[in-house]
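First to last, the protein sequences are chains A and B. Residue numbering for the first sequence follows our numbering, beginning at 61 and increasing consecutively. Residue numbering for the second sequence follows our numbering, beginning at 2 and increasing consecutively.
Think of the hints as simulated: they come from the structure by calculation, not from any bench. Computed from a predicted model, the values in this text were never measured in an experiment. Beta carbons: idealized from backbone N, C-alpha and C, even for Gly. One thing to keep in mind: the hints can contain errors.
[To be verified] Pair ranges (Cβ atoms, derived):
1) B:Tyr-140 with A:Ala-374: 13 to 23 Å
2) B:Ser-26 with A:Ala-374: 47 to 57 Å
3) B:Asp-223 with A:Ala-374: 48 to 58 Å
4) B:Arg-20 with A:Ile-378: 45 to 55 Å
5) A:Ala-374 with B:Gly-113: 19 to 29 Å
6) B:Tyr-140 with A:Gln-86: 51 to 61 Å
7) B:Glu-121 with A:Asn-338: 34 to 44 Å
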Amino acid sequence: MLGIIIGIGSVIAMVAIGQGSQGSIQASIQSAGANLVMVTPGAQRGVGIQASAGRGSAQTLTQGDADAIAAQVPLVQAVAPDLSRRYQITAKGTNTNTEVVGTTPSYSDVRNVAIDSGTFITEQSLQSGARIAVLGPTARDDLFGVGADAIGQTIRINNVPFQVVGVAQAKGGSGFNSPDDYVYVPITTAQRYLAGETYVSTISVSAADQQSMAAVQQGVTDLLLQRHHISDPLAADFSVFNQADIAATASTVTNTFTLLLASIASISLVVGGIGIMNMMLTTVTERTREIGLRKAIGAKRRDITLQFLFEAIALTFIGGAVGILLGWLVSLVVTSVAGLTTQVSLSSVMLSFGVSAAIGIVFGYYPAYRAARLNPIDALRYE
Amino acid sequence: MIEVRNVTKLYRSGSVETRALKGVSFRVANGEFVAIIGHSGSGKSTLMHILGALDSPTDGQYFLDGVDVSTLSEDTLADIRKEKIGFVFQAFNLLPRATVLRNVSLPLMYLGIDGKEREERARRALLAAGLEEDHFGHYSNQLSGGQMQRVAIARALVNNPAIILADEPTGNLDTQTGEVVLQTFERLNKEGRTIILITHERDVAEHAGRIITIRDGAIIGDEKRPHHHEDR
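Isolated chain B, as found in the complex (with noise of 0.2 Å):
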């Protein structure tokens, strides 16, 4: 499903160069829920653009469905992100002065899908992703974090997509709610969703069954965790 092959990323800044990933490696399956930790400047932002298809690595390769997207055009990588990935931010990016439903259809929209077809998939996608819906046509702002966020997960589910990456997502939520969230994730995984989460505390981490730590631009460590949601 994803292979990341010896993954390189150097940024320049005038005579100053910086390492940002160095020679990373790794696989992840399908449906796996995988969390990738680490502090900040690990790495880890920089790799989840490239596993985001959002940047390319200037060395090594990255292989997602089996297509190799290291070197593609940036046209080219829009319509792989459109089509095979599904972002979950930690600030929701939702647009505000939109519905929910608007909101939630908007990634089909960019793929040319017709109105009556978009409503039905983000209908779905809402229900999966637990909002309730009687909120399906209250504008954006007028939902509380926690909604907003689940809101996004439906977005990031409208397009069916290869994965699901989830940059920080409890970082604007209080535990509470955070752990909602984090159910809704570990719900859609046994559904059989491919999740990639990138966070940097341990307790979100855990949440997933394989833990990647990621330190100075290098894996320092990748293990499986055992499948706790089964023990509740």
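Just chain A, same shape as in the assembly (with noise of 0.2 Å):
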């Protein structure tokens, strides 16, 4: 019963494991910006999110490209071309080395910035080249201390100074790339101060609604493809990212990865059943003396069939509801020391009685088959 057990577990917890990742990945994707597509320098290659381009890689795109896609491309709601770099940046006394964004107005609309206090870039500055910068909450925290007042705080970029006008919110997110760590500076200023050029490294593009996504795409593609002069698409300078698809492809990535651990998971299973049919066959050799009796009093092979056969379902069911619970609580472990988020889902609760329920009658057949076919006469002289 304890491979029953541990595999249902197992099963339960991993299912919840992946259930979380899918849910948290998508909604990550989803914070990013809503119906976004991204267009990065450098020819297509694999699923990239939030990929840091510009060093090193291509600089194919300009400030030229975003305005003509914010002309002539239909269904496009706004643009916001960024240049960023990482770069030091220090304040009276602080250090810290994080992603200078340099980018206009349109950005906190189309890649979902939200303000704390103080302003984003404006259309001014954009246009006057000014020094000032947005700090995302992290970077506010390594700078001046956690939660400090910023605005009007003077910080020095790459040794440039900048004033500090405002501050973004929370959006979630840890790790190398975290959106909070970014601090946002207008892309002339970045292009005439810190990068000294004029190239830009992403676009983003918001679509006007989830269903022009597509057509959004590919109007970007053939305009850049065009102003590149560039015929064949494959050996285009750029490519061209749909958020939807990103997730949908992440979705694929994070199921396949459920479903091998599940199927892991139930190797141990088909172990359990095993051991459940080896439990109950010696139950029938130590109990032949009671199935003659059953039998000369009565009973027929169907009787003592179906006596067996659900002493083997409440047995692998018994194990079934305490592996469900030992899955829930492995899941809940795992979400408060590996910090992954974990979801348990109804729908792998319900499989896991059935899968039980099914274990045991698979199982528990032959021995239920070999008491019934026992001779009474045999099996009551049975020593």
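Dock the two chains into a complex; use the hints.
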């Protein structure tokens, strides 16, 4: 029965982890921006999310491309080009190394950056190339202390002084590429004072609605092929990513992963089932006299078969119930210890009950059959 | 009630053929108390299996309550046993982890009778078998040998069978306890029950009203005993 408990428990826990990671990946993709189509320089490679393009990679996108997209591609709601690079940033006595995103006012809509205090980049500061900056909450914490009021303070990006005019709201996410760690400056300022060049690392485009994303993706591709004078789409010097496609791919990946984990756990179930079968066979042997007695007082083969089949199913059902409890506990532990979100789904619980019963039937059948076939005369004489 | 007509039973093991019963015939009337006595190997066990509808004869017929059961299928024989026969075994054969009441009502479960009626009939059978009521709720493995055999007798009575078949019922009991059990059989017989008792001991057989002696698969004796319980 231990095999059943472990098998069911691990299936539940693994499916929960898989479902949870699916959910959080989807959520973080969504939080990057609604109906997002992203253009990055360089040829189409695999699926990438929030890659920090710029250093070392091709410089084929320009501000002109961004303007053209905004003007000429239909169903485009807003366009936000950005020029992003990592720089050393210092404030009085503190420093941090983080991503500086040079961009336009539309970035806050297109890429879903909300302001907590102060203002985002304005059209005016964009035009004048003003040295102003908007800090992500983690960057603000690192430079001025947790929760401090940074508005009006001065920071030096790559030793160039900038004035803080706003702080963004937290978006969540951790690790290397956390959006909360970014610092936003006007793209013109970045081009003049920081990068010294006029290319663009990424162009973010928000489509009018979810249905228009494919059309926008196609429109942007066609326009840029034309502008870059490339006739063969396969030779494009840029890539256009449709956020929905990314989400779907991520979904497929996690689903495959979950399935793989569940398959491995299923092996434990089969082993558990074989254990049950052996246990039942031993039980049948030990109860040979009892079976003989039952047959003597009128039990038919069918009665004996059903009796032992029910006993096997009861065993596997109990094992399954304990396994479900165990799996749920394990997923709770994983959430609190490893920080991964987990989701125990009702369908996996129902499936587990069904599977437990099925294992009881399949692996209990042979022992029940053996019991039913016993000759009562011999069985009664069994020592 | 019972008619055994020219019953033969052959066992074949490879090329060896054993004749366990050779053309046995006799009748048992309603309300008789018959003992079948013989040494081991005499064929008395084989005869018991056939009388109990646990086995079918190779040749000949066995009429139980007017029905020829010698050629019936395994499932039908199970029905016959369920309705018409009550077994009492040498080793009691009770379910050890079940209560006395549950043990006695087991045949009724296979007869499809509902819980309340099962319990009533079980209680009546236990009283008829002479077990004290305070034992009814005990687990069968908490009882003494004599008490267990009385539970077994109650189980044999509960389906109101045509015959009670007892196979060496005192074999696992001491003489004194065995005597109590045999007197229970005598009492039940006086109340009208037909009882067939198989044994190899003469003094056990002498509790019956009729003794059939069997040797080497054939009946060699059939004597009526005077009803000695009237003399007590």
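Cross-check of the supplied hints:
Take Tyr-140 (chain B) and Ala-374 (chain A): their Cβ atoms lie about 21 Å apart, and the range 13 to 23 Å holds. Checking the proposed 47 to 57 Å range against Ser-26 (chain B) and Ala-374 (chain A) shows it holds: the Cβ atoms sit about 50 Å from each other. Between Asp-223 (chain B) and Ala-374 (chain A) the Cβ separation comes to about 52 Å, which falls inside the hinted range of 48 to 58 Å. Taken as a hint, the range 45 to 55 Å holds for the pair Arg-20 (chain B) and Ile-378 (chain A), whose Cβ atoms sit roughly 52 Å apart.
At roughly 22 Å, the beta-carbon separation of Ala-374 (chain A) and Gly-113 (chain B) lies within the given 19 to 29 Å, and the hint holds. The hinted range of 51 to 61 Å is satisfied by Tyr-140 (chain B) and Gln-86 (chain A), whose Cβ atoms lie roughly 59 Å apart. Taking 34 to 44 Å as the suggested C-beta distance range, the pair Glu-121 (chain B) and Asn-338 (chain A) conforms, at roughly 41 Å.
Of the numbered hints given earlier, the model fails none.
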